[in-house]
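Asks: Following the hints, position chain A against chain S.
Respectively, the protein sequence lines represent chains S and A.
Per our numbering, the very first residue in the first sequence carries number 447; after that it's consecutive.
Per our numbering, the very first residue in the second sequence carries number 631; after that it's consecutive.
Since the hints were made in silico from the structure, they are not lab data.
Given the structure is predicted, the values throughout are model-derived calculations rather than measurements.
Treat the hints with care, as some may be off.
[To be verified] 25 angstroms max Cα-Cα, derived SDA-like pairs, lysine to any residue:
#1 616/S with 567/S
#2 638/S with 766/A
#3 687/A with 621/S
#4 1062/A with 655/S
#5 474/S with 1050/A
#6 881/A with 598/S
#7 619/S with 724/A
#8 475/S with 1062/A
#9 679/S with 947/A
#10 664/A with 676/A
#11 532/S with 770/A
#12 687/A with 707/A
#13 634/S with 993/A
#14 616/S with 768/A
#15 474/S with 691/A
#16 687/A with 599/S
#17 616/S with 655/S
#18 1037/A with 475/S
#19 526/S with 890/A
#20 1037/A with 642/S
#21 673/A with 554/S
#22 582/S with 696/S
#23 1062/A with 695/S
#24 526/S with 691/A
#25 1062/A with 488/S
#26 641/S with 770/A
#27 482/S with 1062/A
#28 482/S with 694/S
#29 616/S with 687/A
#30 641/S with 992/A
#31 619/S with 877/A
#32 634/S with 1046/A
#33 496/S with 896/A
#34 684/S with 695/S
#35 619/S with 693/A
#36 619/S with 691/A
[Stated by the list, open to error] Incomplete in silico selection of chain A near chain S, CB under 7 angstroms:
#37 647
#38 885
#39 950
#40 1000
Virtual Cβ for every residue (Gly too), placed ideally from N, Cα, C.
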Amino acid sequence: MADLFARGEKPEYLFWVGCAGAFDDRYKKVARAFTKILTHLNMSYAVLGKEETCTGDPARRAGNEMLYQMQALQNIEVFKMYEVQKIITICPHCFNIFKNEYPDLGGNYEVIHYTQLLATLIHEGKMKPNKKLTDKVTYHDPCYLGRANHVYDEPRAVIRSVAGSITEMKRNKSFALCCGAGGAQMFKEAEKGNKEVFIERIEDALETGASVIATSCPFCMTMITDGLKYKNKEEEIKNYDIAELIAMDLDL
Amino acid sequence: MVKQVVFAAALLLTLGVFAYTVNRILSFFRFTRKTFPVRDLGKRFGVMMNVAFGQTKIFRRPVIGLLHALVFWGFCVILIGSVEMVIDGLTGTERVLSFLGVLYDVIIATGDVFALVVGLSILVFLSRRLFFHIRRFEGIEMGRSTHIDANIALTMIFLLMVSLQGMNTFYVAHQQVAGETIKGVFPVSNMLASLFTGMQATSLHTLHEVCWWAHILLIFIFANMLPYSKHFHVFMSVPNVFLSRLEPLGKLTNMDSVTREVRLMMNPDTVYAAAPADAPVERFGVKDIEDVSWKNYFDSLSCTQCGRCTSVCPANITGKLLSPRKVIMDVRARMKEKGPGLVKNGKEYADNKSLLRDYITEEELWACTTCNACAMECPININHPSIIVDMRRYLVMEEASAPGELKAVFSNIENNGAPWQFSPEDRLLWAKDLEMKIKN
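Isolated chain S (complex conformation) (with noise of 0.2 angstroms):
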């Protein structure tokens, strides 16, 4: 961002990475594939890099309001800065808190999550995944993507246009099960009970007998790979984001 500033151009949009996408070595093949994707696009996109810091959400989750805010006054300085109007997001923690929470903080912008971007792109036909995947998929509603936003069939619509169809986990869209990690979880142990919560997810998911099973959460892809491996199917079930299902069928 800040060396197509120095050359005086402005991206439509700012590609926001999220922590994960940046440090978590599974998440960055899902950033590296989104990045793909929109170049593939020809989308007019920047990235922030080391500007980019954490959004926030953790700390706030976790009840560190002071944190969170000095994160969020500081990240809407940057956006000011570089003229930001357009944010695209990963990570549904992150789109969350920038859709919701920061005008709060006098931070207004058209905040989209990538599965929103890419039903859109692919509804008015400017993308055309060729529906090469064959394998039984089923999708992890992200909690913060369905029940905090109802942003159910848009990622619905995308894995559609790679897979056909989509079988159904018992629990889905609103009733869907969270993976255990949000509101800060992901950082921490669980508290003491007779199971994680990411095992019940991953029961829900092995019933549908599918062989792919499609996220669009940086967690929930930790959680539920964390599911296959304890359940040792990691070999015959393989966890993907969105993104990449999508990278996948163009042969990006």
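Replies: Just chain A now, with coordinates in the frame of chain S:
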């Protein structure tokens, strides 16, 4: 005339006791905090029609949801009949609303059918509680008293329906035997009445009177039991839906007091300036009952402990201590305990207990994934995660207390701008060797 006087006295007593109780409960709201303003009345009306009167969220469990919806709609229709009974009781008239003609026939016929439907549904509810092991009705918060409370209320409603059906039946039978016109249409009671047409008109009249009085007195007693019961729900749920938080479930309420402080810190000119004198000194987050918002307390009064929230909670499903229903019940219980002291001694009153720890433990609070399944499921739009996060806010900002891993997350975010310990310098490593064509 005697009947009217007795009736008026009973009604007055009912209203008096009810006003006393409700006033007492309302006085506790003084000690709660402000939260969102109640605007967008049109939108609120829509939500109320949809969620409360349309019963849309209860249908997320279609079978038992339908039974509840029938009971609710039945109550709405039967309520009109109760209003008529009050007018009749005060003025000595008989079925005063019958001047409404066809509309009256429709209301009465619907109410007559509903009396049976509600009665049967209540029997199903009662038998579920008495004879079936239903997980949703169990849990650490569901002590014996909660089950007794539920069973008493259900029994009361059942008796209300029996007395109503009896009243209608003996009315129809009496009118038939006495050869008088029947005001209203009674599809169910008509059939039942045929069993009694062999009786004397006078005895039918007496039986009708007995049922009439039993029904109205049960209503009076029930109305005054409700504020002390989880079934306060009957009065509070529709207003609670009207007062719903209208924002997306994913949104947390901004703490403006924190915004003031952060802005002061970020602006070098004001960093040493004193806080404005008019800024209220308020505890960050929720520790005790006087820190909760009026909406949290309203939620707790409306909750009927159905447990739909807890039954979908990922933490609860996997055996953790957290139960969203318990959090809401604790708010009500704590206010019941501390409220009278606050009223008597003012808001500085302390009883060396608090909502946090004495009712809700840290272990429960930290188990929440903020997935909002509870809030999504609640048929009356209670928002559980808001209070859980508010209690975390107190823990973190006032006591600097959090699980060790989360403290590490905080310092990572502060120091290197990510929850993990990676240098911001490495933020673009993921894109290494990647062709990033940047277009304009």
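Asks: Does each hint hold? Answer for all of them.
Replies: Checked hints:
1. 616/S with 567/S: Measuring from Cα to Cα gives roughly 29 angstroms; hence the hint is violated.
2. 638/S with 766/A: 21 angstroms, holds
3. 687/A with 621/S: 12 angstroms, holds
4. 1062/A with 655/S: 37 angstroms, violated
5. 474/S with 1050/A: 14 angstroms, holds
6. 881/A with 598/S: 17 angstroms, holds
7. 619/S with 724/A: 53 angstroms, violated
8. 475/S with 1062/A: Distance of about 11 angstroms is within 25 angstroms: holds.
9. 679/S with 947/A: Holds, at roughly 23 angstroms.
10. 664/A with 676/A: 24 angstroms, holds
11. 532/S with 770/A: Not OK: residue 532/S and residue 770/A at ~47 angstroms, beyond 25 angstroms, violated.
12. 687/A with 707/A: Distance of about 21 angstroms is within 25 angstroms: holds.
13. 634/S with 993/A: 13 angstroms, holds
14. 616/S with 768/A: 23 angstroms, holds
15. 474/S with 691/A: Measuring from Cα to Cα gives roughly 40 angstroms; hence the hint is violated.
16. 687/A with 599/S: The hint holds at about 20 angstroms.
17. 616/S with 655/S: 12 angstroms, holds
18. 1037/A with 475/S: Given that 25 angstroms is the threshold and the Cα spacing comes to 28 angstroms, the pair is violated.
19. 526/S with 890/A: 20 angstroms, holds
20. 1037/A with 642/S: With Cα atoms ~22 angstroms apart, residue 1037/A and residue 642/S stay inside 25 angstroms; holds.
21. 673/A with 554/S: 23 angstroms, holds
22. 582/S with 696/S: 19 angstroms, holds
23. 1062/A with 695/S: Between residue 1062/A and residue 695/S the Cα gap is close to 23 angstroms, so the pair holds against 25 angstroms.
24. 526/S with 691/A: 47 angstroms, violated
25. 1062/A with 488/S: Roughly 20 angstroms separates the two Cα atoms, so the pair holds.
26. 641/S with 770/A: Given pair residue 641/S, residue 770/A holds - Cα atoms ~18 angstroms apart, limit 25 angstroms.
27. 482/S with 1062/A: 13 angstroms, holds
28. 482/S with 694/S: At roughly 10 angstroms apart (the allowed maximum being 25 angstroms), residue 694/S and residue 482/S satisfy the hint.
29. 616/S with 687/A: Answer holds: residue 616/S to residue 687/A is near 18 angstroms, not above 25 angstroms.
30. 641/S with 992/A: 19 angstroms, holds
31. 619/S with 877/A: Holds - the C-alpha atoms of residue 877/A and residue 619/S are around 19 angstroms apart, at most 25 angstroms.
32. 634/S with 1046/A: 19 angstroms, holds
33. 496/S with 896/A: 21 angstroms, holds
34. 684/S with 695/S: Measuring from Cα to Cα gives roughly 15 angstroms; hence the hint holds.
35. 619/S with 693/A: 20 angstroms, holds
36. 619/S with 691/A: Answer holds: residue 619/S to residue 691/A is near 15 angstroms, not above 25 angstroms.
37. 647: 42 angstroms, violated
38. 885: 5 angstroms, holds
39. 950: Hint on residue 950/A: holds, closest Cβ of chain S at ~4 angstroms, below 7 angstroms.
40. 1000: The hint holds - residue 1000/A has a Cβ within 7 angstroms of chain S, the shortest such distance being about 3 angstroms.
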